[in-house]
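Trainee: Given next are the chains, with one letter for each unit.
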Amino acid sequence: MINLIRRDLIIQKFQLYVFIPCILFFIFFGSHLSAFFIFVFAGFFIPINAYSYDEKAETNILLNSLPYTRTQIIASRYIGAIFYMTVSIGIAVLLFYVFNRPFTWADIAIGVGITLTMFAFAFPLFYLLKPGHIGTAVTIGFILLVILMGPVITFFEEYLTPAVNFLSSVSTSLLYLSSVGVITVLYAASWLISQVIYQRKAF
Amino acid sequence: MGMENVIELRGVSKALKAFTIDNMNLQIKQGYVTGFIGANGAGKSTTMKLIMNLLQPDKGKVSVFGLDYANHEKTIKDRIGFVYDSNIFYESLNLKDISRIVAPAYKHWDDKQFKFYVKQFELPLNKAIKKFSKGMQMKASIAIALSHDAELIIMDEPTAGLDPTSRRELLDIFQEVMVDGKRTILFSTHITSDLERIADYIVLIDEGQILFDKPVYELQEQYAIVKGSTELLDADTEAYFIKIERSPNGFQALTKDVAKVKEVFGEHAVIEEASLEEIMFYMKGADHPYD
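Going line by line, the protein sequences match chains Z and C.
First residue of the first sequence: 1, per our numbering; consecutive thereafter.
First residue of the second sequence: 1, per our numbering; consecutive thereafter.
One or more of the hints may lead you astray.
What the hints assert, rightly or not - Listed below are the simulated PhoX-like cross-link pairs for lysine-lysine, each with C-alpha atoms no more than 20 Å apart in a straight line:
1. C:96 with C:59
2. C:74 with C:96
3. Z:13 with C:130
4. Z:201 with C:17
5. Z:56 with C:131
6. C:130 with Z:56
7. C:260 with Z:13
8. Z:56 with Z:201
9. C:74 with Z:201
10. C:131 with Z:13
11. Z:201 with C:260
12. C:243 with C:227
13. C:243 with C:260
14. C:59 with C:17
15. Z:201 with C:130
16. Z:13 with C:96
Just so you know, these hints were derived from the structure itself, not from any lab.
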């Protein structure tokens, strides 16, 4: 299992060199972006990239011909995503700290929450789509993102920053716990769905 | 003799979009090289995928080393080396990184062995797989398949798309690998001449059905191409043949009972050894394939 997770590092050697400059770029030139947005980007980067390698039919034939079970392959994806997200956001936080950009614990918590929620929706969808369609899905997603970026950012600025402030000011353990609960259930449900889809897949 | 089956398919059915396997039974014997032949699209790859658990049967049982996939998937795959007809390794990675990904998956990965094959096959360790020629990709795949002490090597069209020189070279490698006699090899191909040198058993598949599963010597002893005048043919003699082709100059047919044909036709017909290709050709759409 650890081997499956470690594999992502070997595959993404090159992307890892791009990762830190990207975060630095956001820190220096993305001053209009909320800190949590950068954390989302950081957390999303490696797991999604890893996924783009695994969508190929050939890769699935390889993984399934090696002594792994399908359950393990899916588990490595979900556990790996949490692991790489944690490390990536950790590095981003460190860079924030080193370059003196302000952030709060709430930024990190919201960043992690959004990232995990995105994984929870993206992974089963990717397993459902036929290989080759994920590129299209990502492209459409990206175009939508660009179109929606403007309104979304205004939305974030108008409502979410106050919401973040609100959360950090009234942060009761209950509020955090319930978000953690919801995200955990989402992630677990997503894992289960991916597992069912992958179990039936033919390669 | 106590011959053990490494692979057993019992009553396996699988319906795919363009293709169906219905109630397939197949046994692959331990310690031998079995050639799996059939035309393109006959069902070789589907059967291989069922054996590798890349596809799961709708009905029936697949067991490998006497174990089922539901409970022993990892144990089974740990003991199999696989080679597919196209590259399945991350193509942007080099062979060194690929071995780093593959090696820890196996209990008995032997890095010395791997280095030995890399050297023998003259494979570069630091070049991306996508820059390898087709022959080199196949060799890389074989090097990996042979470096974890696998008892069963499954190769799906390993010579497909290779030029004649590379094909010969690969066959030499297989022959060397098989010398120790412990391994079992299942080797699918539509180029039957590949097998004449190395196979002990031949399984012929057509339209998702196993037409026969026989030792090579039996094929050589029992099957033959018979040529003669059409006057020799009547309802009785036709029964000796699997398939008959008639032309104005006479007939040409495949028999699986050379002894009988020799006895009946004597000097009147020409009897020649049948190549695997001829057997495959005549068996396809045969008049009495299952006799």
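Trainee: Does residue 13 of chain Z sit within 20 Å of residue 131 of chain C, going by the straight-line distance between their CA atoms?
Mentor: Distance ~18 Å between residue 131 of chain C and residue 13 of chain Z Cα, so the pair holds.
Trainee: Residue 56 of chain Z and residue 131 of chain C were given as a pair; does the straight-line alpha-carbon distance stay at or below 20 Å?
Mentor: Roughly 18 Å between the alpha carbons, so the hint for residue 56 of chain Z and residue 131 of chain C holds.
Trainee: Holds or violated: residue 130 of chain C with residue 56 of chain Z, Cα cutoff 20 Å?
Mentor: Holds, because 15 Å separates the two Cα atoms, which is no more than 20 Å.
Trainee: Can you confirm whether the C-alpha distance between residue 260 of chain C and residue 13 of chain Z stays at or below 20 Å?
Mentor: 68 Å, violated
Trainee: For the pair supplied as a hint, residue 13 of chain Z and residue 130 of chain C, is the alpha-carbon distance within the 20 Å limit?
Mentor: 17 Å, holds
Trainee: For the pair supplied as a hint, residue 96 of chain C and residue 59 of chain C, is the alpha-carbon distance within the 20 Å limit?
Mentor: 41 Å, violated
Trainee: Is the hinted pair residue 56 of chain Z and residue 201 of chain Z satisfied, with a Cα-Cα distance of at most 20 Å?
Mentor: 13 Å, holds
Trainee: Between residue 74 of chain C and residue 201 of chain Z, does the CA-CA distance stay at or below 20 Å?
Mentor: 18 Å, holds
Trainee: Holds or violated: residue 201 of chain Z and residue 130 of chain C, Cα atoms, limit 20 Å.
Mentor: 26 Å, violated
Trainee: Within a Cα-Cα threshold of 20 Å, do residue 243 of chain C and residue 260 of chain C meet the stated pairing?
Mentor: 16 Å, holds
Trainee: Is the straight-line distance between the alpha-carbon of residue 13 of chain Z and that of residue 96 of chain C 20 Å or less?
Mentor: 13 Å, holds
Trainee: Can you confirm whether the C-alpha distance between residue 201 of chain Z and residue 260 of chain C stays at or below 20 Å?
Mentor: 51 Å, violated
Hints 1, 2, 7, 11 and 15, counting from the list given before, are not met by this structure.
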